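Visitor: Chains A, B, C and D, in that order, are what the protein sequence lines are.
What the first sequence shows, in my numbering, is residues 8 to 373, in sequence order.
What the second sequence shows, in my numbering, is residues 8 to 373, in sequence order.
What the third sequence shows, in my numbering, is residues 5 to 329, in sequence order.
What the fourth sequence shows, in my numbering, is residues 5 to 329, in sequence order.
By construction, these hints were calculated from the structure, which means they are not laboratory data.
Being a predicted model, the structure only gives us computed values, none of them experimental.
Glycine residues also receive a C-beta, built at the ideal position from the N, C-alpha and C atoms.
Check each hint, because a few of them may be wrong.
[To be verified] Within a straight-line C-alpha distance of at most 27 Å, the following computed BS3-like cross-link-like pairs (lysine-lysine) qualify:
no., chain 1, residue 1, chain 2, residue 2
1, D, 256, D, 183
2, D, 43, B, 262
3, A, 262, C, 43
[What the hints assert, rightly or not] Here are some chain C residues pointing at chain A (derived, C-beta under 10 Å):
no., residue
4, 6
5, 87
6, 301
7, 314
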Amino acid sequence: MAVPTLPSPLAIPSGLTRDQLLELYRWMRLTRTLEERLVALYRQTKVVGGLFRSLGQEACAVGSAFALERRDVLSPLIRNLGSMLVKGAEPVEILRQYMAKGDSPTRGRELNIHFGDVVDRNFVGQISHLGDMVPVMAGVTLTFRMRNEPRVGLVYVGDGATSTGAFHEGINFAAVQRCPLVVVVENNGYAYSTPTCRQTLAEQFIDKAIGYGVPGVRADGNDVLEVYRVTREAVDRARSGGGVTLLELLTYRRKGHAEHDNQSYVAPGEIEHWAAHNDPIDRYVERLTGEFGFDPEMLRRTDDEVRATVDEATDQAEASPPCVGPDALLGVYADPPAMPTLWYRAGEGSAVSEHERPASWGTHDG
Amino acid sequence: MAVPTLPSPLAIPSGLTRDQLLELYRWMRLTRTLEERLVALYRQTKVVGGLFRSLGQEACAVGSAFALERRDVLSPLIRNLGSMLVKGAEPVEILRQYMAKGDSPTRGRELNIHFGDVVDRNFVGQISHLGDMVPVMAGVTLTFRMRNEPRVGLVYVGDGATSTGAFHEGINFAAVQRCPLVVVVENNGYAYSTPTCRQTLAEQFIDKAIGYGVPGVRADGNDVLEVYRVTREAVDRARSGGGVTLLELLTYRRKGHAEHDNQSYVAPGEIEHWAAHNDPIDRYVERLTGEFGFDPEMLRRTDDEVRATVDEATDQAEASPPCVGPDALLGVYADPPAMPTLWYRAGEGSAVSEHERPASWGTHDG
Amino acid sequence: MAEITFLEAIREGLSEEMARDPSVFCLGEDIGGFGGAFKVTEGLQSRFGEQRVIDTPIAEAGIIGAAAGAAHYGMRPVVEMQFIDFVSCGYDMLTNYVATARYRAFLPCPIVVRGPSGGYVRGGPFHSQNPEAAFLHTPGLKIAYPATAEDAKGMIKAAIRDDDPVLFFEHKYLYRRIKGTMPEGDHVVPLGKARVAREGTHLSIVTYAATVWKALEAAEQLEREDGLSVEVIDLRTLLPLDDEAIVATVKKTNRVLVVHEDTVTGGIAGEITARINELCFEWLDAPVRRVAAHDVPLPYAPPLEDFVLPQTSDIVRASRWLAAY
Amino acid sequence: MAEITFLEAIREGLSEEMARDPSVFCLGEDIGGFGGAFKVTEGLQSRFGEQRVIDTPIAEAGIIGAAAGAAHYGMRPVVEMQFIDFVSCGYDMLTNYVATARYRAFLPCPIVVRGPSGGYVRGGPFHSQNPEAAFLHTPGLKIAYPATAEDAKGMIKAAIRDDDPVLFFEHKYLYRRIKGTMPEGDHVVPLGKARVAREGTHLSIVTYAATVWKALEAAEQLEREDGLSVEVIDLRTLLPLDDEAIVATVKKTNRVLVVHEDTVTGGIAGEITARINELCFEWLDAPVRRVAAHDVPLPYAPPLEDFVLPQTSDIVRASRWLAAY
Ligand SMILES: Cc1ncc(C[n+]2csc(CCOP(=O)(O)OP(=O)(O)O)c2C)c(N)n1
Ligand SMILES: Cc1ncc(C[n+]2csc(CCOP(=O)(O)OP(=O)(O)O)c2C)c(N)n1
Ligand SMILES: [Mg+2]
Ligand SMILES: [Mg+2]
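Bound-form chain A, shown alone:
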């Protein structure tokens, strides 16, 4: 095996360290391995509900989230499992969510990766209604601007979600209020079965930037270092008072909208082409082992660690307890903390009164 040549530090872009280069690899690998594990569990019918993949889009999620600090706030979508991992989400949390476990982050109320943590790790639980997270993140970052906190926010929208009124109202509000917000359009070519040409007549999504009076930057979404670079620039601009940036990351959705979708609407060979010639992990491995002189052995070791991590998380998640029916009545409001059981259920295992509302359940004071 060729002796790796020590690269000159200059050769590493965006001032990243070698450890960070490896970290980026690890996050992408973890994303893919974890999703593959979810597929296995899905086939074993251990996953409740649909399974959403980000295969081939890992660089968008990982590279962009990597440009944020812990205090910064991320608003992920269904293709951004990788972003959540970078932001501190634990594999076991993801697995428990997908398996609807009683100790999952949402206690079984919400599905898949619809969960968040605004107290410590700073990512916000998404809802299904596309576009809605943009106004919400405008408000999060408005707060930082009002309180002069050097924190920024990053929100993703898909190519399809750009057609929603909520996206428009949110980015316009953020722009005019000069909120420290990065809006990332993750353009993966499809909205469910709908190709981008049926979603907009614009040639590129950054053409929308000028209409909001904000800078627009387009980048190769399958080049994790490029994604990091452009996002980092936008994040720095936001942090220094430069307001909103619209980023467009070009990538490709290699799996169906969800696991059940057979992608009948995709031109033959298209998926295979991207898999063979434009896989974000393959491309990054090439650069790591080539240009940056990483020992392939090192990457293999990382792969093994990742697999071990996922194995362990899987065992933990499988051992997790299921949800308990009456818990469903807790925490709709801070006050009252629980809803009463309906009259005809009297004495039918309604143990609501026994439950305490955990202090963490969405009150400011803790």
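Here the structure of chain A is known, so what remains is to put chains B, C and D with the ligands in place on it, guided by the hints.
Guide: Positioned in the frame of chain A, the structure of chains B, C and D with the ligands alone reads:
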């Protein structure tokens, strides 16, 4: 008085005839005179509800609507009284609406100029919720495209209304569906008290056009001939399959949002400046009597005719009958044609059953 | 004739109406070549062409508004919400523009807004909703919510032919679980008429959609185990409500249980209770009682969803209480 | 202390809360220097600065969503709808994102969405609405609708301090017509508690907002002309409803008239009737009856609006019917 020099036909822009030049003047004058009459009636408390002026914006409304044919569909807003007149709305209809008369176009259900006629004159009754007419007009024009009818639509939005999700969803839908629709942003500097700089960070509203993949054209909204020219171009493009155009007409709202608004938020002198130096009618009169050699006498005669028309319409409207309570229960649905009177009103002048639903009340067949 | 599913029945209704009337067309997200998230419109685009089965951008307010505009000019658009949960994005357009069009401006607005609704499918809070009650106090709208395959076909056809806007709810739990044999010929089920799903004499269960089937299950169990004769009324149309049918069953059994899947607070059962109160209070031998979902957003984990939603056993318990009253 | 109007009372409540708690801020259309379409926020920007009284673009979903985001990070935003009719544009954001935030993701979301509502002002179909019923089946929201100046101040303060999202309806007919003298000190009126607006023994009128005043008018007339003693309950909060207060008055008078300005079909009276049925059916000497608006979009012409909306004379007639039952 200087003898007018006969102009060479070439001197008349956009292939307009001299009669049409005069017509444009007449529509602007009629708009202003009619609104002034409404102010008088408002002060006499004969107007029910608020009064909305288009003083200083008459060229936008008249010049753009003048580019449409009778078969084309117009969607006016509150500043587009002039457009409605051009499209065939009668002064007496406007007056009856404002006075909530029983024979007003909406039979007293809706206020001011919120009325339409899709059977013959082809303008659509607006609702208050800003932005909503854009998707509606996308659908109207989608129909023309589907049926291969050479008809186009024109919809207005204010500078403020461009911030709504409905505007975004509607223009994007129309663009991607290549609907024959002209979207006019009538930029009069304010949305109620909010200046444009608080509405968007974009430098101009046509900067939004590229984001929808459609042509954007900006024009002096107080030059009626220029408004006609750019609108006519957009209309021709739409009619010949060229799809959506976004027009921005620059003008200024010289009166408050409604008659009650004292415009405390306007910089001193701003209104006076526009009134003195950029009144669309004054500017047009100058060109008519100058460049186009119209005899001022002729214009004065037109003014007199207009005043006579408005006087007559006012007498008619004042003589119109008021609304009759029980009519309120008619025509919510085609079937049933009337809602029953509530139980405690039994025998309290509910004459609903006596009423027939006029065939014209919103059924295709008539 | 062969049995077809609830879902196929809707597709059959759509395609018959599109064949019958060239002004009928469909628009929605992914409804074209893909045939929609649940495949309700599968095959329609290849049969009727891209002009009449239109894939739209993700913009519920936009496409509902566009449908209204087309309807003003002689078309009869059928809009699909990928999940009915997303109709909330078109709430303004529906309640303010569409519902008032005829009344305020004499504009014809014959549109149908349809989509998969309802829970019992582990869909979580945003893919399981029953938003019907939110439109109940909107004069100008009609609301249809069929429970059988026969009604699904007959009512979608009636909805399309109706001269006013109709919200058409399709319970996704029923899509493939419920089958029926379609009557021959032009099978149209008029809106506004309820259906006696089961005759009975001791008490009445007034309900609609998926819980019709749970009510029938409960009725059988009550007959078997308690010798109770339970009448089940399937409302079918929620706006306008069929007062006659409601009053008839109350006068017959004098005991009423209203059952629905929506939350108990603010659900349609309140309106029904008020009407019974007004129209036949004297005939009541017991209070009208409600069986419905608990007042929480619908959670996703099976034990939670099962606990929140009304189950057959709940209807049985409530019926016993009512019969013994 | 001097009397102030209903509108001034709200302004006083807002400005006291902004002074007390730096996390409280206002956002909405034209609320800054202009002070809002009805001048509710007049003077607040000059007192608290542009950072805390923010003029927004015209984007109801956008500003409600932004308020939610700010609330997640420790703020207590108060959003003004220029007219409450425009809250329909934020319906998705409110019912799906805001209302479920705590339940689905343990996100704190203490926001207030307030604005002028209601008719009797010749505002027509889009400036007179009472959309409260559309939010009644949305667990996670609270709905406040005061009728007196004292409550307007005390309840806006309670709404701002509440840890959950509150819809706060301000009836524009009351803005300048109703006056009150504010109690000294930190005057907070807890949400969820109804008020006995008038004691009575023969029958009860359960109502809220503007019709509280019509009910009181009717009660006086009925006392004068018929010697009837009518109790009037002002619900004040519609979600959660004060069942105790409702049951108490039913048990006291045994006859109930529910009055509201919203349309009869789908209005909140249905829910109230159902609860009375469930909680104190045995105490009813007569059916619960409703006086409300006719089921049409609210027309603008005075004779039409007057005919559609419930009037004092309607309440009088209905009360006589109920008393004679
Ligand atoms: C308002 C709304 N309408 C419809 C849907 C249904 N839906 C879920 S995902 C999806 C496609 C999203 O495409 P895109 O925004 O490109 O994101 P991607 O899945 O490609 O990452 C649709 C239509 C939704 N979730 N929200
Ligand atoms: C969705 C919506 N939000 C708020 C309003 C209240 N409103 C009526 S007119 C207006 C300002 C409109 O400004 P612009 O669009 O510039 O039109 P202009 O009055 O200047 O012609 C506002 C905020 C409304 N009608 N609709
Ligand atoms: Mg996509
Ligand atoms: Mg303007």
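Visitor: Would you pick out the hints that fail for this structure and give their numbers low to high?
Guide: 1 and 4
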